[in-house]
Amino acid sequence: MSDERDQLLEALLCEAFGRDAPPDLTERICRRAYAVSVWHNPWLLGTALVTAAALIAVVVSLSLPAPAPAPQQLVQPSDTRPPQQPAPPTPGDHSTSGEPAVYPAPSATGDFQVVEGGAPRRGATLLTGLGGAQLHLGGYCQVRLSPHSRVRIHGQEREEEIQLQEGQIECDVAREHGRFAVRTPLGKVSVTGTSFQVQVRKGGEDMTRSMYIKVLAGTVLVASAWGEMALAAGQEHEQPAQGTLTGVVTAKTERSISVRIDESNEVKQFIPNWIGGLPKDGGGLDKQMLHTIRETPVGSRVRVQWMMLEHLRVVGLEVLERPRGDRPEGEHRENTGNEPEKKDGGPHAVGHREGVLVGNVTGKGEAWIEVQGEGQEKPTRYTPRWIGGMPKDGGGLDKHMLEIFRGLNVGNRIRLTWVVDERPRAVAIEKLH
Amino acid sequence: MIGRAELETLVRTHQAEIYRYVRYLGADQDAAEDLVQETFLVACRTAPAVLQSALPERAAWLRAVARNQFLYWCRRRRRGPFTAEAAVLERAERVWNDEFLRQGDGFDYVEALRACLKQLPEHSRGALELRYAQGKSRGEMAGLLKMSEDGIKTLLRRIRTVLGDCIRRRLGLERTS
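Line by line, the protein sequences are chains A and B.
Just so we're aligned: the first sequence equals residues 1 to 433 in this note's numbering.
Just so we're aligned: the second sequence equals residues 1 to 177 in this note's numbering.
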């Protein structure tokens, strides 16, 4: 790797690990800029004093009936020019010489369209094109919208607010002029006078959306269903997607549970959250949730609280309705659909596994069926159990199960109870609708 | 000279990048703050037209100023003049612009770094935490990890190479580099 690339990584790693966040030098720079420029430039010094005197004169004359005081000594007695005009209003400064200020309406520049038509205004949604756009709010909030971003303008005077529906924005806010907040589907970022970026990252599906905030200067307050936190300059935070859903448990393993979601009819697999640090330090999957998963029968109607953190995580699981004919979950059940483990000394020996799944018949033969369980990547072949001893002693495949196999068609939806005994074996089958 | 509000906006928009940039060039933390300040003071006093242009052009100009300030700083620290450094800094700017910014603001690069960090094996992450989170020196790390200082130096460099390769793969930079 070249030296420059190595140096780049060094610098970014210091920042990534929190030891070198860029500081906010705004006040220091501004103090230095104007202090140096005035005191080192006699012309500017003189102009500044004359301007200050003129402003004082104007203010005094407006507030008192008495005449304004005489200008400062630096002004030549023969100077008949009118007092220097005050500087043009800066963004957010609405105190021009005595006239009531008009609070600026939202405006935008760049490559964008207003979804509802017309000009940018409160309640309108802006969709940016390839070039991105700039949104100006209240004269004190400058929002840069990245390409393909979608923003809705809310808020009111001095309490500007936008909703970031998609994409990325970078905000600069002058704190002394008002408040500003960014709402996303996953939380709210409140500004305390700062420069920061917010991005709503969208994965392939809504459940993988997350909100990413990076603070460039100042601080922001992030509020979401997970609580509040403050971020300082240089810090960043990814707010994971989260929510609550209801559905039916279609399959589970030792570490996961698959649920057919009521709203979308999709099947999603959830795993518990990781608690603690590295495994060597005692970290691991949430043991309480692992126990809850074990106690939840396949076929139950459940309410799942979830969050997206690298994987879909189950953080809350409530059984709303148990399946009909539910068997007591006295012992641990598993369903992997994987190759069976080696038999170790007989059908009841340690190493056997069993489970229940719901799925579709994808193939069948004389003595086997192939079933694609919900949430599984590929179908698994099941044969009946071997009943009895050697064939010469009358042993053979379970005839009752063979009969059931014959009655099934490809495409049938079934609930299958299985056990691993040298290979996956079908123990019980219930035809579903 | 630009107005105060305009300067504040300029500083807030660009100061993090300029700070990161001068740290990348090699300034320590204290010097980096001074260099950032000097960069914006130059911008404030000269108030060139480029300050009204689009963000990438403004940022490139500010980086050029920062590079010059860094060069002056390097020369003030040493006894003789150095003519080779300008070429080194130009190369550094190319890497910054072509690989880190990539016509954006480095967001993708930082994201790729975060993702690649998560993929590192535990012992590599541990070494990085000692160095970059806890600020351990190579000597301290050598004592903790029961390795030589040279071994630590090689280890860190190797981890950064792995990270660099991972980042470039994620960003599709292999074909262009």
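Rather than coming from a laboratory, the hints here were simulated on the basis of the structure.
Please note: incorrect hints may appear among the correct ones.
[Unchecked claim] Below 30 Å or equal to it, Euclidean Cα-Cα: the simulated BS3-like pairs (lysine-lysine) are:
| # | chain 1 | residue 1 | chain 2 | residue 2 |
| --- | --- | --- | --- | --- |
| 1 | A | LYS431 | A | LYS364 |
| 2 | A | LYS364 | A | LYS268 |
| 3 | A | LYS399 | A | LYS287 |
| 4 | A | LYS268 | A | LYS287 |
| 5 | A | LYS431 | A | LYS378 |
| 6 | A | LYS378 | B | LYS118 |
| 7 | B | LYS118 | A | LYS268 |
| 8 | A | LYS287 | B | LYS136 |
| 9 | A | LYS399 | A | LYS431 |
| 10 | B | LYS146 | B | LYS118 |
| 11 | B | LYS136 | B | LYS146 |
| 12 | A | LYS188 | B | LYS118 |
Hints versus structure:
1. LYS431/A x LYS364/A: holds (15 Å)
2. LYS364/A x LYS268/A: Holds, at about 27 Å.
3. LYS399/A x LYS287/A: Since the Cα atoms of LYS399/A and LYS287/A sit roughly 41 Å apart, the hinted pair is violated (cutoff 30 Å).
4. LYS268/A x LYS287/A: holds (21 Å)
5. LYS431/A x LYS378/A: holds (20 Å)
6. LYS378/A x LYS118/B: Given that 30 Å is the threshold and the Cα spacing comes to 29 Å, the pair holds.
7. LYS118/B x LYS268/A: With Cα atoms ~24 Å apart, LYS118/B and LYS268/A stay inside 30 Å; holds.
8. LYS287/A x LYS136/B: violated (35 Å)
9. LYS399/A x LYS431/A: Measuring from Cα to Cα gives roughly 18 Å; hence the hint holds.
10. LYS146/B x LYS118/B: holds (25 Å)
11. LYS136/B x LYS146/B: holds (14 Å)
12. LYS188/A x LYS118/B: Satisfied, since the Cα-Cα distance of roughly 27 Å is no more than 30 Å.
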